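Work the whole structure out from these sequences, hints included.
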Amino acid sequence: MRHNTIRTADQQAIRKSRVNNSQEPRLFELDHAIQHAADALAGLQHPDGYWCFELEADCTIPAEYILMMHYMDEIDEPLEGKLASYLRARQGKDGGWPLYYGGRSEISCSLKAYYALKLAGDSPDLPHMVQARETILRLGGASQANVFTRIALAMFAQLPWRAVPFLPAECMLLPRWFPFHLSKVSYWSRTVMVPLFVLYTLKARARNPKQVSIRELFTTDPWQETRYFPTRSALNRTLLALDRLGLRLEPLIPQGLRRHAIKKAEAWMVERLNGAGGLGAIFPAMVNAY
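Numbering (the numbering used here) for the sequence shown: 1246 to 1535.
Any given hint could be a false lead.
The calculated BS3-like cross-link candidates involving lysine-lysine, where the alpha carbons are at most 25 Å apart (straight line), are [what the hints assert, rightly or not]:
no. : residue 1 : residue 2
1   : Lys1338   : Lys1327
2   : Lys1455   : Lys1327
3   : Lys1508   : Lys1448
4   : Lys1508   : Lys1429
Between beta-carbon pairs, the in silico distance windows are [said to hold, decoys possible]:
no. : residue 1 : residue 2 : range
5   : Gln1456   : His1291   : 46 to 52 Å
6   : His1291   : Val1430   : 37 to 43 Å
7   : His1291   : Leu1480   : 47 to 53 Å
8   : Val1392   : Trp1468   : 14 to 20 Å
Bear in mind the hints are in silico, worked out from the structure with no lab data behind them. Bear in mind the structure is a predicted one, so any value in this text is a computation, not a measurement. Cβ atoms here follow ideal geometry from the backbone N, Cα and C, with glycine treated the same way.
This is how it looks when you write it as structure tokens:
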């Protein structure tokens, strides 16, 4: 059914009672924007009455799929070629890749897209790769990427595991009264975190059959970098101190306890696979669980 803007007398009365003359121009602009958007949607409606659009996310998803294939050394070259074409077509004018259509380049998304294209065979000397590299370096380089991206880079041996927060599988064994517990975070967070606990604990290593590196995206040698976790506040300082304490105590964790924690994490994931839809139907969770 086509969209029609209908304003009842009651709605008009409520609106007039709540605004003064100084707000009228803004409300006019808002009405115009809403009508313009409604008209645009109506113009995209199928003659049979429905709408159909491509379901898509930002470019981290196709990039991560290419990374996964090289992590496992299970490369579907025709699919990889299609994903690479998709990434090239969505490169922003400023050289990187945004998190939303028309946005500015975001460093983590841009880094994953660049790495995926290089894994897929794009030479770093090609114009689009040069432009992407310049943008990533302008944004601070690979060491400034978010935690999820740094975990992926650690698995590909592109930076040290100390660039990643302390994420031991023993988090699965913490009691409910503890300040951190899986029940205290969202389902999305739980499904993403539990596979990462295992990957971090085992220090997973990608097969990376072509041994592709992205050292050129770092402004400082990643093994010499000391600013992975800058101090910004008193709380931040406290959390970093706890992180360092955890790293020092990790060698003291009994191996039996560690195996139990990993098994519990594995059971948690398997129970929620349900044979369909993957782990929560959340791509980062599914790809890391795989």
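Report task. Find the hints from earlier in the document that the structure breaks and name them by number, from lowest to highest. Result -> Per hint list: zero violations.
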